[in-house]
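A.B. asks: With chain A fixed as given, assemble chains B, C, D, E and F onto it according to the hints.
6 protein chains.
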Amino acid sequence: MQKGIIHYGIGDSIDTYMYIKSSTKAVASNGKPFLTLILSDKTGEIEAKLWDVSEDDEKSFASEKAVKIMGEIQNYRGRSQLKIRNIRLTTDLDAINISDLIQTAPIGQEEMMGKITQYIFEMRNPNIQRITRHLLKKYQSEFITFPAATKNHHEFLSGLAYHVVSMLDLAKAIAGLYPKLNKDLLYAGVILHDLGKVMELSGPVSTVYTVEGNLLGHITIMVSEISKAADELGIDGEEIMILKHLVLSHHGKAEWGSPKPPLVMEAEVLHYIDNIDAKINMMDRALERVKPGEFTERVFALENRSFYKPQL
Amino acid sequence: MQKGIIHYGIGDSIDTYMYIKSSTKAVASNGKPFLTLILSDKTGEIEAKLWDVSEDDEKSFASEKAVKIMGEIQNYRGRSQLKIRNIRLTTDLDAINISDLIQTAPIGQEEMMGKITQYIFEMRNPNIQRITRHLLKKYQSEFITFPAATKNHHEFLSGLAYHVVSMLDLAKAIAGLYPKLNKDLLYAGVILHDLGKVMELSGPVSTVYTVEGNLLGHITIMVSEISKAADELGIDGEEIMILKHLVLSHHGKAEWGSPKPPLVMEAEVLHYIDNIDAKINMMDRALERVKPGEFTERVFALENRSFYKPQL
Amino acid sequence: MQKGIIHYGIGDSIDTYMYIKSSTKAVASNGKPFLTLILSDKTGEIEAKLWDVSEDDEKSFASEKAVKIMGEIQNYRGRSQLKIRNIRLTTDLDAINISDLIQTAPIGQEEMMGKITQYIFEMRNPNIQRITRHLLKKYQSEFITFPAATKNHHEFLSGLAYHVVSMLDLAKAIAGLYPKLNKDLLYAGVILHDLGKVMELSGPVSTVYTVEGNLLGHITIMVSEISKAADELGIDGEEIMILKHLVLSHHGKAEWGSPKPPLVMEAEVLHYIDNIDAKINMMDRALERVKPGEFTERVFALENRSFYKPQL
Amino acid sequence: MQKGIIHYGIGDSIDTYMYIKSSTKAVASNGKPFLTLILSDKTGEIEAKLWDVSEDDEKSFASEKAVKIMGEIQNYRGRSQLKIRNIRLTTDLDAINISDLIQTAPIGQEEMMGKITQYIFEMRNPNIQRITRHLLKKYQSEFITFPAATKNHHEFLSGLAYHVVSMLDLAKAIAGLYPKLNKDLLYAGVILHDLGKVMELSGPVSTVYTVEGNLLGHITIMVSEISKAADELGIDGEEIMILKHLVLSHHGKAEWGSPKPPLVMEAEVLHYIDNIDAKINMMDRALERVKPGEFTERVFALENRSFYKPQL
Amino acid sequence: MQKGIIHYGIGDSIDTYMYIKSSTKAVASNGKPFLTLILSDKTGEIEAKLWDVSEDDEKSFASEKAVKIMGEIQNYRGRSQLKIRNIRLTTDLDAINISDLIQTAPIGQEEMMGKITQYIFEMRNPNIQRITRHLLKKYQSEFITFPAATKNHHEFLSGLAYHVVSMLDLAKAIAGLYPKLNKDLLYAGVILHDLGKVMELSGPVSTVYTVEGNLLGHITIMVSEISKAADELGIDGEEIMILKHLVLSHHGKAEWGSPKPPLVMEAEVLHYIDNIDAKINMMDRALERVKPGEFTERVFALENRSFYKPQL
Amino acid sequence: MQKGIIHYGIGDSIDTYMYIKSSTKAVASNGKPFLTLILSDKTGEIEAKLWDVSEDDEKSFASEKAVKIMGEIQNYRGRSQLKIRNIRLTTDLDAINISDLIQTAPIGQEEMMGKITQYIFEMRNPNIQRITRHLLKKYQSEFITFPAATKNHHEFLSGLAYHVVSMLDLAKAIAGLYPKLNKDLLYAGVILHDLGKVMELSGPVSTVYTVEGNLLGHITIMVSEISKAADELGIDGEEIMILKHLVLSHHGKAEWGSPKPPLVMEAEVLHYIDNIDAKINMMDRALERVKPGEFTERVFALENRSFYKPQL
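Chains as they are written, first to last, in the working numbering: chain A, 357 to 668; chain B, 357 to 668; chain C, 357 to 668; chain D, 357 to 668; chain E, 357 to 668; chain F, 357 to 668.
This is chain A alone, in the form it adopts within the complex (with noise of 0.2 Å):
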């Protein structure tokens, strides 16, 4: 039975499936080339170096393929790294999917878009439901696959959808608490603060930015958006003003990114669930790395803290 690649520690030999998530190559400093592989399973990532490598190899060992493995998890300079002991790209006969071995959403796609739907469902403000179930269609494809950033948080197939998904129940449950919050604007809010991203980032695996999410971002690219969508939709109220608010000023701050800040209430609590969405989801994982008794790797995007798990 197979567990993980994060709960393999130093001096561990493993032989498993593994995904090249990225290939480069270099030259050593014997002069012949060598592939530094990024390997991922369900639960991690690892980097590992080929030496010697063949043109051959070059080709067969590229970003994006599946791999049968054997080696040994090393230290390096304070990192591991697996040294490879034999490598081969699987078969018809591994009767491997690809997906079994990308990092994705603990729930479905058909699930959480049913979660989703049900919460467009429930607002009772016909413009941003039209509004909100308009544009969701229109990057549906995208936005079920997407991870939701390259790296920090929900870096992962469906990240997108899973974070939007989270978001929504916390945003319920908080409305709940506080009744002068109004659902829709929230739930829209949720739904597309972070859908821009189908047009910042370059696609579902190894994710980077695209030029136009370099030079604009997804924020502005979603304002952009809602202008377009209420233009076809013919609706033109104080609500499209405010969507636009809600995804423009998510981030919270100017130097976060927000040209302005969060100006209505529902767009200051969405800020909110999306940070401590985000947050969380860093701490567990960081966490489900340790034992308890023992501090956490440091998490740049949380001020580069080091987590204590508690033996409680």
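Hints are computed from structural coordinates only; laboratory data are not their basis.
The structure displayed is predicted, hence computed values, not measured ones.
Incorrect hints may appear among the rest.
Heads up, the list lumps identical chains together, so a pair's fine if it works in one copy or across two of them.
BS3-like mimics (lysine-lysine), calculated; alpha carbons at most 27 Å apart, straight line [as the list claims (entries may be wrong)]:
no.	residue 1	residue 2
1	K507	K405
2	K507	K635
3	K635	K539
4	K665	K424
5	K377	K536
6	K635	K536
7	K494	K584
8	K424	K635
9	K536	K439
10	K584	K398
11	K647	K609
12	K439	K388
13	K471	K398
14	K584	K493
15	K609	K377
16	K381	K439
17	K647	K359
18	K405	K494
19	K528	K539
20	K635	K528
21	K388	K405
22	K609	K635
23	K528	K647
24	K536	K359
25	K665	K381
26	K536	K609
27	K635	K405
C.D. replies: Relative to chain A, chains B, C, D, E and F alone:
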């Protein structure tokens, strides 16, 4: 029938009972003494000047007295000020209870204690439960009447307990969605995090900082109290250290008064919950004073933002 | 012959025509209503109090009226204030045009439009040219009368157009010295960068922020407008993305309201040009009010500096 | 005759006794295990690699052992590294005492305790005197051997006590010049300010942070200890609060770990004294390693400055 | 017998001699001119209004005059203000010397010059000694009367010399404890560090910044003076560069006005000494005005802190 | 035909002449010495390792030598590195001039001096003209060969003069558009602002900071030089103070090394001009290395941004 002071505008006449929150003597440009009164009712407060006062007036219209007052609301340098036509102390005939004039929590003290007791009852770790119960009992009488702060949020009678009850409900909702969170730590953290305020602040009304509050602060005071409680109860496990850490780190960052940032997941979440409840309270009260389509006054503790109330 | 208000000092008498920029009612310590007037002419503005006003006075001396006024300049708490001796509304007999009392650009509207049209004419890239012409035409009537801001710089009638014209000349000079700069992008960036202000601000005089201006801001508004224009004109090339980026990044840094910093050389240069023209305008106007050998008043938007006027 | 390690340069051969401060195993690119040793003597430390180690080597050359070593100093990526020619554990025949290889305070432990005892003896306020004596006695054995920090300043055996003794002398000198300073508070503040480090740190050598040190910190630990001492001694006056405040505020600012800034004159001066002694210690040690006319290495804790040693 | 102005409280009557530090004319709401006087004696200062003044009054009660005054201390907007009952210029009969009414250093000018001369005498490096003596002599008459600043600390007659004398004593004490410090550099640094203030400031009383002070500052002025002195004395060694660096870096950080941070140990220590003497002076004077158990007014230059005076 | 080093990519072979900017010896893991060479030609530079060097090699391949070199460009840890196949010193037969291998200003030294002389000639104020001419003449030989900095911008032979010439042209263009600017001050400010670099830096090639440069900096050095020049020329007017202020404030802010911010309009504009020319130079050179549609490497001195080269 009586509407509250925050619902009156410039030019309105009032004829009502109010409470003197503070009374300060000064000398006018004509050389005669006058009093600056801060008058409140359940909804808010207003400044008033009482001109040409005698020594008797000064004694009568002192802080923490209830008065019957007539006058008009005027614009004074951009702020509302009550121009007093007539003022007198209340008598038994007025049948006015001071508690009717003081802003207080929207839930009764007994109901709040009942809810908190229930949360303590639900704790599974006996050490956490005993420490929490011990400390709450020790300071219960102050806890149930003190405000949560002298200004900004929950700055009213029983504001501290009300803030704790809201946070407990929020903690329960969030822990329901992220099952790795330890509820015992979250609930104990919520109940203890601001309990040191019963020593940092002077009392339930006309609240100011004590010398100890200024020199040590509620966080440090409470951490020492947890040490003491653990000694008295003979408890000596990791729970004590974690509870101290929860209290210590709940302001989130060194520059906000926490010498250590949250380094335990529940500590981080406690900081979020505290923040959300305090800030929604602030926004709520600012928005209550304006009509849809208007912006609130600037809220200093929310980065001086002015919030918009949508017309949806 | 008439010199402007900024050239009068403490103790001087005035007898002139002025424009009421704003009129606010309040109640004096004697219980009687009075008006605080902000009066302007082409050179600047001054505060005045009109005491013991009747309801008629209040209606007469309202905002956006022209008046004939006599009085003296006095020192009130360190600032100049006009003590009114006599005030009346102007009549046809005065032969005073409101435009004679309002600060405005030093070049005529037609001349400015002529210069801008010429710059658009010089563009070589037809897509950039068409987008720029389309958007300028769409908002030309507001563009030619609006100020560039509510305060700080170019806060006068046609200030926006004047700022654009000055920036175009500066762009041309700089592009002449650094030939790798793309003039089309620079000129289009200059013309479009602040065009969203026609929606962010309320109008050419007594200018305040609109709700949309507060919640979205002129940068975001304009980026959506460029999207829309491109759709309407059927243009779909990299030009659109770069034009959006120019507008988006022209404030230079996230904390100054640009969610993306300039990432294209012309965007960086556009930011410099905007900055130089705005700041020279501010210094110029502050220095105009002092004599050689003196320091100006502190200029808030220039890091609160007080500038020295050399005696050379 | 033997000069210390910091006096050797690139290219020098050494043949000397050293102490293994730490020993970390890793795997080389040839697949064989090697050890990274941090070796020290009284003057400083150097890194060395021990290649192709056996399991026996690994056990022998572990942390906190003394060794006889021969080799050369080499330049490795800009830093000095010792290339080992020969290494063996010391035996009784070497007549080497570990304390001869460990950096330690320049004054003996007894002399230091004598000086501190004298300062306590000079205190006039019996409460301050009793608290200070009680706490020092309680933790004396750790206090006299611990370093003052894991790096930056006084990071050697008995560094904590040496830092305290230097600060006491400095406190006496300053109090002599500014007679309004209360010497009792200054002396007690100096003695107690870092005493919590005996719980924050793991021990006198190979020092790391304890879990309690990470989650609570020496400041908070010590404030609780003062509470406890006061309870045990039955002391209950303002002295207790001021002593806690001195400890609490000695880092000077919230962002440096003091939840309250100094609000008592002696607390402010304690912060200066701590700062001066720590920083002169750091500069001194950096300057010791260079010749007149040279700059030191960058000192991270002194804003990364590189100091010049004048040729005067 | 006469106590000083800082020892009077709200409601007290005074009948004493005072010095007019500044006198500013303005017009009251009744249209009549009045003077705002800042009155001082040796202990401090107070504001007073002189109403309905004639042109003669204006000339009489001008800045830098001594007056006999009667009145009461009142609370005006939270600050003390003197209500004048009677005021007249002093005559020969009053036998009052202006120096009796001006705050000045607690040590005489001759004694201060004697101490400084002794410190120069103790220097061993003849170049440092000659430069220091030359520059002190050149500006001695201003040095001995100027304040050290226009506000914040040592802002009184001979404050600059007094600050230097205190710092010299402190330098001697610290150099005694850390023997690696070069006393010549420390003493010369102390004597020269603020000597440029004799050109930066306008004079010993009613002190303001000169134009040169505003545009260049005392640090830059003094560095050029050291260059000039070295040329004149024909000295050309490393001493000159180090002395310039000591002056240049004594504010400690670029953002505090030192274009280079201290990069020589004595420069760093000079910065500490300057800081300690200035800040103890500020705290001392704030604490002098309150009773044990009270907090001082907020001290702006000490991060706006309010200090507590213990009851010990 | 020869293209420059920046135009070669990973995998390319080169066979060309290059200049050794620096040569550093170290010991490889096999115990043998090797050299790290920084090689340059007119277009840029590249790192190379020369393995197993003899003492002769070390002497031959020292800094500031010209070599004939063959090898391939490889990827080493993400950066380009030249793998040396063959290297030899150039001989007379190669007919290679070192100046052909060193990056230098695109305009000749004489042409640059001619332009600057013309600008000085155009000055109308004789004092400004004489000071400027005097100082330029005094340091002309260094001025015309030094770089403007050791890295970031204009870090090539004659870079300082080229930066000044570009800034003069820019100053002229801007002064033409804003006629209130004093051209004499602008031109003199441009010519003098960085002239202190001839003492701050070590020389025209292999440039490092001098001790004086580290301890005083070019700004302070130049201000003293202006003092001295004024003394020597017997000039004593406000011009001197303003010229010093222009040099002093040209970094714009205290934290950027200007102890006074610009307080004269021409000083502010000088800061803009310096900034624009330096930053366009940096962007230009980064963009030169990439193709349209690509992003540049991150440019540290431009807030670590990576710039996009449009495909227009």
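A.B. asks: With reference to the structure, classify each hint as holding or not holding.
C.D. replies: Going through the hints against the structure:
1. K507 / K405: The answer is within: 22 Å in one copy meets 27 Å, while 35 Å across copies does not.
2. K507 / K635: within (13 Å within a copy, 30 Å between copies)
3. K635 / K539: The answer is both: 23 Å in one copy and 18 Å across copies each meet 27 Å.
4. K665 / K424: neither (34 Å within a copy, 41 Å between copies)
5. K377 / K536: Classified as neither; 46 Å inside a copy, 29 Å across copies.
6. K635 / K536: Classified as both; 26 Å inside a copy, 13 Å across copies.
7. K494 / K584: both (12 Å within a copy, 18 Å between copies)
8. K424 / K635: neither (34 Å within a copy, 51 Å between copies)
9. K536 / K439: The answer is neither: 58 Å in one copy and 34 Å across copies each exceed 27 Å.
10. K584 / K398: neither (38 Å within a copy, 42 Å between copies)
11. K647 / K609: between (36 Å within a copy, 26 Å between copies)
12. K439 / K388: both (18 Å within a copy, 11 Å between copies)
13. K471 / K398: within (24 Å within a copy, 43 Å between copies)
14. K584 / K493: both (14 Å within a copy, 21 Å between copies)
15. K609 / K377: neither (33 Å within a copy, 34 Å between copies)
16. K381 / K439: both (17 Å within a copy, 16 Å between copies)
17. K647 / K359: Close inside one copy (16 Å), not across copies (46 Å); limit 27 Å.
18. K405 / K494: neither (42 Å within a copy, 55 Å between copies)
19. K528 / K539: Both ways: K528 and K539 sit 7 Å apart in one copy and 20 Å across, limit 27 Å.
20. K635 / K528: both (19 Å within a copy, 18 Å between copies)
21. K388 / K405: both (13 Å within a copy, 16 Å between copies)
22. K609 / K635: both (17 Å within a copy, 16 Å between copies)
23. K528 / K647: Result: close only across copies, 25 Å inter versus 33 Å intra.
24. K536 / K359: between (47 Å within a copy, 21 Å between copies)
25. K665 / K381: Result: close only across copies, 26 Å inter versus 39 Å intra.
26. K536 / K609: Within. Shortest intra-copy distance 24 Å satisfies the 27 Å Cα cut-off; inter-copy 30 Å does not.
27. K635 / K405: Neither, since 32 Å and 40 Å both go past 27 Å.
When held up to the earlier numbered hints, the structure conflicts with 4, 5, 8, 9, 10, 15, 18, 27 and fits the remainder.
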